[in-house]
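Peer 1: Listed here are the chains, written in short residue letters.
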Amino acid sequence: MSETKETCTMTGAEMVVRALQDQDVEHIFGYPGGAVLPIYDALFQQNSVEHILVRHEQGAVHAAEGYARSSGKVGVVLVTSGPGATNAVTGLTDALLDSIPLVCFTGQVPTHLIGSDAFQECDTVGITRHCTKHNYLVKKVEDLPRIIHEAFYVARSGRPGPVVIDVPKDVQFASGTYTPPGEIMHKSYRPKTDGDRRQIEAAVDLIARAKRPVFYTGGGIINSGPEAARLLREFAKITGFPVTSTLMGLGAFPANDPQWLGMLGMHGTYEANLAMHDCDVMINLGARFDDRITGRLDAFSPGSKKIHVDIDPSSINKNVKVDIGIVGDCAKVISVMLEVWRERKIQADAGALKTWWGQINEWRKRNSLGYKNSKEIIKPQYAIERLYELTKDRKTYVTTEVGQHQMWAAQHFHFNEPNRWMTSGGLGTMGYGLPAALGVQKAHPDALVIDIAGEASILMNMQEMSTAAQYRLPIKIFILNNEYMGMVRQWQELLHGGRYSQSYSAALPDFVKLADAYHAHGIRCSDPAKLDAAIMEMIDYPGPVIFDCLVAKEENCLPMIPSGKAHNDMLLPDFEGAIGDVIDSRGKQLV
Amino acid sequence: MKSHYSDPTGNQTVERRTFCVLVDNEPGVLARIAGLFSGRGYNIESLTVSETEHARHLSRFTIVTSGIPSVLNQIEAQLDRMVPVHKVVNLSTGSTIERELALVKVAQFGPERSEHRMEALRLATAFGAKTVDATLNSFIFELSGPYEDVERFINLMSAIGLVEVSRTGAAAIARGAEGL
Ligand SMILES: Cc1ncc(C[n+]2csc(CCOP(=O)(O)OP(=O)(O)O)c2C)c(N)n1
Ligand SMILES: [Mg+2]
Chain U
1 MSETKETCTM
11 TGAEMVVRAL
21 QDQDVEHIFG
31 YPGGAVLPIY
41 DALFQQNSVE
51 HILVRHEQGA
61 VHAAEGYARS
71 SGKVGVVLVT
81 SGPGATNAVT
91 GLTDALLDSI
101 PLVCFTGQVP
111 THLIGSDAFQ
121 ECDTVGITRH
131 CTKHNYLVKK
141 VEDLPRIIHE
151 AFYVARSGRP
161 GPVVIDVPKD
171 VQFASGTYTP
181 PGEIMHKSYR
191 PKTDGDRRQI
201 EAAVDLIARA
211 KRPVFYTGGG
221 IINSGPEAAR
231 LLREFAKITG
241 FPVTSTLMGL
251 GAFPANDPQW
261 LGMLGMHGTY
271 EANLAMHDCD
281 VMINLGARFD
291 DRITGRLDAF
301 SPGSKKIHVD
311 IDPSSINKNV
321 KVDIGIVGDC
331 AKVISVMLEV
341 WRERKIQADA
351 GALKTWWGQI
361 NEWRKRNSLG
371 YKNSKEIIKP
381 QYAIERLYEL
391 TKDRKTYVTT
401 EVGQHQMWAA
411 QHFHFNEPNR
421 WMTSGGLGTM
431 GYGLPAALGV
441 QKAHPDALVI
451 DIAGEASILM
461 NMQEMSTAAQ
471 YRLPIKIFIL
481 NNEYMGMVRQ
491 WQELLHGGRY
501 SQSYSAALPD
511 FVKLADAYHA
521 HGIRCSDPAK
531 LDAAIMEMID
541 YPGPVIFDCL
551 VAKEENCLPM
561 IPSGKAHNDM
571 LLPDFEGAIG
581 DVIDSRGKQL
591 V
Chain V
592 MKSHYSDPTG
602 NQTVERRTFC
612 VLVDNEPGVL
622 ARIAGLFSGR
632 GYNIESLTVS
642 ETEHARHLSR
652 FTIVTSGIPS
662 VLNQIEAQLD
672 RMVPVHKVVN
682 LSTGSTIERE
692 LALVKVAQFG
702 PERSEHRMEA
712 LRLATAFGAK
722 TVDATLNSFI
732 FELSGPYEDV
742 ERFINLMSAI
752 GLVEVSRTGA
762 AAIARGAEGL
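Residue numbers (my numbering), protein chains in the order written: chain U, 1 to 591; chain V, 592 to 771.
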C-alpha cells in the first residue's frame, strides 16, 4: 500500500488489521462474535495475517502464550465482547503471572450502549484491570492506531505482560486516519533496562570473593532473549560456579552441562536446594524469590549475601531482602558483569570452589531424582525419561498441564536450549498445555511439539483437539494417566490422612476413541517393555496424537520440600516413614 | 513482606507515609491506583486527586498510607511500575507541607447555649478556621491544616455540638525551591 492520504483513511476494523501487519504479526488466535464482526470482515479481505480459530477463548490466549514464549514475539488474541472477554480472563491472568507478552483485542458494545447492560456487554476493562499489565477502552477511532502500537510496546517492554484493547463496535465501523508505528516515545512508560554500573561493580566484587557461590536463574533470562542465555553460559564458564534455575527458567542453562544442578524449589533437586541453603553468595538472575522456591522464609539461605538482577523494581526486596539489587535487563547486566570481570582480570577462588564442588558432589550422590522402577507397570518418571531419550536429538518443544506430570517433566525431561519449555508456573493453570502446544506448533511448523499432560488437566481444554485437526497441527498429547488428580491426591496423603476427597478421575473417556473422534491418532500403552515402540509410533505419526500412557496410580512426586519446611529439610525418594506424619499443624495451613 | 511462610518482618513497626504520584489523567486511572491498594492488601489512609497540569493532562495523587517499612517500599515500587504513572515521590523523606480541608458544622449548643456558641467561635479563631456559614443556632467552619490539627479541632467541636464533618484527604508538597 502506498502512503498517500487516501489509503491512510480507513475504518477502525481496517486499522486493527493494518496495525497487525505493521507490527509484523503473522498469526492471531481468536473466536468471532457480534461485537468483532467488522474486524473479522477486515481479516477476511487480506492474506498476510493468518487467523487460527480456536474452540474456546481460554484456548486462544494459551495458544498465543505458547506462540509468544517459544518464539520471543508478542502473541495476539482476538475475541468478542461479554462471554468472549470473560472466557479469556484465565489466560490473561496466566500471562500476567508468567510475564508473557500478549495483545488481546476484545470487542465491545457500541459506545452509546456502554453501561446499559446491553446484550453481551461486560465491563471488560474493569474485569481485566487486575489481570493485565495495562488495558485500554478505545473511545474514538482517532486514538486506535496509537493505542495499538502503544499496546505492543507495553506488552514487550520491561517485564512483559498481557495488554487488552477493548474496541467498541461503532469504533470499528468509524473512519479515521491511520498512523503507522513510529518513534513516538510512550508518555510515561520507560522501563529501566541498563543496570546501574556502580551496583554491578559492587556485585562483581562480591562474586569475585565468593567461596560457595550459586547462580539462581529464572524466567527473566528467557524473556530477555537468547543473548541472555548465551551470556549466562559464558559467565558460568568463566567463573566455574554451579547453576540452578526455577521452573520458568529451564533451558536457559544447558541441562547436559556438568555445572548444572537441576531445578530448585519445592520439587527441585537436593543438590540445588542445599547449594541455595549453604551458599555464601547467591546470584539471582531474573528470578523472583517465589514461595515455591524459598520455602520457609526465615530459614532461607541464612548465611548468604544476595545479589538480585530483575527488570521489575518491585520484585527486588519484595519477598527476600537482598544485599545488592540491580534493576535491569538480564542480558545487559550480565554483559557488563562479564566486562568488569575481564577488565579486572578476576580469577575465581579455585581452592574454595574445589571444596564447594566436593560438597555439591556429595549431595548429588543422594540421587534425589531416583525412583524405584518396575517391570510390570510404567512408572511416570520412567515414561518421561524414555520420552526424553527418544526425542532429545530432534527439535523438540514441550508444554505441560499442571500437576505431578508437570513436575516430573521438569525433573526428568532435560532442556539444553531456551524457549523449548512452556509451562504454567505462576498461576498453575490446568488446561494450559494443549492450546499452548498449538501456538508453539504454529510458530515452529517443523518441530516436534509434545504436551506432557495429566488425564484430569487435559479434559479442561480438550476441545482444542478440534483446532489441531482443522489446522493439521501435529501436536502430541502424552498423558501420564494415573487416574487421579495426582498432585491433589499427594497433598491429601500428606495433609489429610489419605482421605482422597474428590481427587479420583472417575468416568474417564476412552482417550484412544476420543483421539479417533477428533481425527487424531490414539495410542495406549501400559507395558514398560512396549513403551519405546509406542513412543516411536507417536513421533513418527504425521498428525496429532493422543497417547494414553497408563502409569502407576499412587506414585508421589519427590523430592519435595514440604510446606513450612526449609531447603535443608527435604523429603527424599528414599524416605521410609509415613509421609502423612511429615508436616506439622502449622505447615498444614499453607498452600 | 508477605509469604505463605513465616513472617520474618514481624518486628517492624507500622509507619505513615505520604506519596505523591503523577499520572496521565486517563479514564480508569483512579480505579487502577485504588485497585492496586485493595488488590494487594495495602492501606489507604487518605487519597486526594485532581488534574494539576491541564495542558499535559497530568493528575496528581496524594496518597497517605500506613504499613511496615518493607510494605511501604513495595507500595512505592508497585506504583512506579504502573504504565500511566510518570513519577512517584515519597514525601515523607524530606520536609513537606501537608494540608487537609474540613468543613465542620456545629449546632444545637445545648442548654448553656450562648456559652457554647462563644466557645465554638473562640476555638475556631484559635485554630485559624473561617466561619463560612452562620445561623442563630449553627456555624459551619472551614479549617485547613495538617491532619493532626484537623483531628484536634473536630474532637473539640464534638464536645460542643458537632453535627457533621466533610473533609478531604491530604494535599502535600515538598518545601523549598525545587519542583517534582
Ligand atoms: C484450573 C485449575 N483447577 C484446579 C487446580 C488444582 N490442581 C492442581 S494439580 C491438580 C490435579 C491435576 O491432575 P492431573 O491433570 O491428572 O495431573 P497429575 O497430578 O495426576 O499428574 C489440580 C486439581 C489447578 N491447578 N488448575
Ligand atoms: Mg492424573
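Careful: at least some of the hints might be erroneous.
[Stated by the list, open to error] If we take Cβ atoms under 10 Å as the criterion, some of the chain U residues that face chain V in the derived model are: (1) V154; (2) H186; (3) Y189.
[To be verified] Within a straight-line C-alpha distance of at most 16 Å, the following computed EDC-like cross-link-like pairs (lysine to aspartate or glutamate) qualify: (4) U:K553 - U:D527; (5) U:K553 - U:E493; (6) U:K211 - U:D291; (7) U:K321 - U:D291; (8) U:K140 - U:D170; (9) U:K332 - U:D196; (10) U:K530 - U:E362; (11) U:K73 - U:E227; (12) U:K187 - V:D724; (13) U:K187 - V:E644; (14) U:K553 - U:D446; (15) U:K588 - V:E644; (16) U:K332 - U:D312; (17) V:K696 - V:D724; (18) U:K187 - V:E733; (19) U:K139 - U:D123; (20) U:K375 - U:E362; (21) U:K305 - U:D205; (22) U:K139 - V:E617; (23) U:K140 - V:E644; (24) U:K192 - V:D724.
By construction, these hints were calculated from the structure, which means they are not laboratory data.
Ideal Cβ placement from N, Cα and C applies to all residues, glycine included.
Peer 1: For each hint, tell me whether it holds in the structure or not.
Peer 2: A quick look at each hint next to the structure:
Because the smallest distance between the Cβ of V154 of chain U and any Cβ of chain V comes to about 6 Å, under 10 Å, the interface hint for this residue holds. A distance limit of 10 Å between C-beta atoms decides the matter here; for H186 of chain U the minimum to chain V is near 8 Å, and the interface restraint holds. Annotation: interface hint on Y189 of chain U holds; nearest CB of chain V at approximately 5 Å, less than 10 Å. With a C-alpha separation of about 14 Å, the suggested pairing of K553 of chain U with D527 of chain U holds against the 16 Å cut-off.
Between K553 of chain U and E493 of chain U, the direct Cα distance comes to roughly 13 Å. Compliance with the 16 Å bound is thereby established for this hinted pair. Distance check on the hinted pair: K211 of chain U and D291 of chain U sit about 26 Å apart at the alpha-carbon level, beyond 16 Å; violated. Restraint check: the Cα-Cα separation between K321 of chain U and D291 of chain U comes to about 14 Å, which is no more than 16 Å; the hinted pair holds. A distance of roughly 9 Å separates the Cα atoms of K140 of chain U and D170 of chain U; the hinted pair therefore holds under the 16 Å criterion.
Between K332 of chain U and D196 of chain U the CA atoms are separated by roughly 11 Å; this keeps the pair inside 16 Å, and the hint holds. Pair hint K530 of chain U plus E362 of chain U does not hold up; C-alpha atoms about 36 Å apart against a cutoff of 16 Å. Proximity of K73 of chain U to E227 of chain U is assessed by CA-CA distance (about 15 Å); at most 16 Å being required, the pair is judged to hold. Between K187 of chain U and D724 of chain V the CA atoms are separated by roughly 45 Å; this puts the pair beyond 16 Å, and the hint is violated.
The straight-line distance between the Cα atoms of K187 of chain U and E644 of chain V is roughly 14 Å, inside the 16 Å bound, and the hint therefore holds. As the CA atoms of K553 of chain U and D446 of chain U are separated by approximately 34 Å, the hinted pair breaks the 16 Å bound. For the hint pairing K588 of chain U with E644 of chain V, the CA-to-CA distance comes to about 53 Å; that exceeds 16 Å, so the pair is violated. Proximity of K332 of chain U to D312 of chain U is assessed by CA-CA distance (about 14 Å); at most 16 Å being required, the pair is judged to hold.
As the CA atoms of K696 of chain V and D724 of chain V are separated by approximately 9 Å, the hinted pair is consistent with the 16 Å bound. Between K187 of chain U and E733 of chain V the CA atoms are separated by roughly 38 Å; this puts the pair beyond 16 Å, and the hint is violated. With a C-alpha separation of about 14 Å, the suggested pairing of K139 of chain U with D123 of chain U holds against the 16 Å cut-off. In summary, the hint linking K375 of chain U to E362 of chain U is not supported, as the alpha carbons are separated by about 30 Å, beyond the 16 Å threshold.
Restraint check for K305 of chain U and D205 of chain U: the C-alpha separation of about 12 Å stays at or below 16 Å, so the hint holds. For the hint pairing K139 of chain U with E617 of chain V, the CA-to-CA distance comes to about 11 Å; that is within 16 Å, so the pair holds. Annotation: proposed proximity of K140 of chain U to E644 of chain V is violated, straight-line Cα distance about 23 Å (limit 16 Å). Between the alpha carbons of K192 of chain U and D724 of chain V the distance comes to roughly 53 Å, so the proposed pair goes past 16 Å and is violated.
Comparing the model with each earlier hint shows violations of hints 6, 10, 12, 14, 15, 18, 20, 23, 24; every other hint is respected.
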